[in-house]
Amino acid sequence: MQQAEVKRSGTPVEVFLAFLKLGLTSFGGPIAHLGYFRDELVVRRKWLTESAYGDLVALCQFLPGPASSQVGFALGLLRAGPLGAIAAWTAFTLPSALLLVLFALGAAALDSPIAQGVLHGLKLVAVAVVAQAVWGMARTLTPDRNRAGIALLAVFLSVLLAGSIGQVGAILVGAGAGLWLCRNGAGPEVAPLQFGISKQAGAAALLVFFLLLIGLPLLAGAGNAQSVSLFDAFYRAGALVFGGGHVVLPLLDAETVARGWVSEDAFLAGYGATQAVPGPLFTFAAYLGAVAVVPPGGIAGAAVALVAIFLPGLLLLIGALPFWSALRGRPAAQAAMRGANAAVVGILTAALYDPVWTSAVLLPIDFALALSGFLLLVMWKTPPWVVVLLLAAAGGAMAILA
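FYI, the numbering for the sequence shown is -3 to 398, going by the working numbering.
For the record, the hints were derived by calculation from the structure and aren't laboratory data. Possibly wrong hints are sitting among the right ones.
Okay, derived cross-link-like pairs now, DSBU-like style, lysine-lysine, Cα gap no bigger than 30 Å in a straight line [what the hints assert, rightly or not]:
| no. | residue 1 | residue 2 |
| --- | --- | --- |
| 1 | K377 | K17 |
| 2 | K42 | K17 |
| 3 | K195 | K42 |
Because the structure is a prediction, the values reported are computed rather than measured.
All chains should be built: construct the whole structure from the sequences, respecting the hints.
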């Protein structure tokens, strides 16, 4: 009998509410977001199995764009169809985007020691969440010596080859090792996940992706429509970044500051504000679109930049899903995915150290607080949003005492 991969019959409203909760509480960047997703949707709600979730994460790590947002979009699609995918992306993205637009329009952002302490507490939340994700996924996805060895190799590759090169390389090596080491006795047969996207629709999405990538620069250069130039700049930034997160910042700096659209001071202020809000780091684009001196500016500029930076990654995901789902049911593909899933555990482990641990655990008390958050999540099954509030308050209290 095939293993059930997903709990179906969801609604767009259910998906929206689930991802709104995540969009309001998911601090710590894309790796931490994957931990929040796993805890809420795999462990608590049981929308899909651990192995199916690992497969989605591995696929999205292959593709350019914001990996956590792509995983969320795919989960919404899986749960409630196209409307569910739109609901998931909207609910996860809008909270941080709206906060950053308010900041761009002049809402006061406190730069006090207490505010910095709260921000540090949120970084410690990320340590606890990522550690919980590594712990849980390792137990499920690396249950034997072969896959544990693949995960360890992925750690070395991620450490020695920094950035997206190391991550994508680790998954490729993991998939290759899985073909060799993970064919026998590697688990039950699984049913392909049904996303409801035909191969024709997937091919059309890929065609649109490349047409925009090639055509937008030509269109921007042929006319004086600066809004097209704005869309083009953020579209290319989203199309050329693997894994999302901080890797997109140099591209955004080159597309906005170097062009004179945004001042260096405004860019850095927005980046600092982005660290204090939940949700995907790509919503930094909403801030930049709002403060850019080129039209349309303001709320309209924020909307243009926000859609432009997310669109290429989502088009690529839609294009890849129907072909990946068909391949996933084959024994060789299953073996490769088991190796890739083990590599994902290694990538998460490397990310737990750098940048999550190295940017947050600076003092012995930081270690104690992060460990407390981890134990609350793992041993006491405390909801992540409660841990967010507790460690943020602890960070603020430490700042007051200091």
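Verification of the supplied hints:
1. K377 / K17: Since the Cα atoms of K377 and K17 sit roughly 17 Å apart, the hinted pair holds (cutoff 30 Å).
2. K42 / K17: Roughly 16 Å separates the two Cα atoms, so the pair holds.
3. K195 / K42: 28 Å, holds
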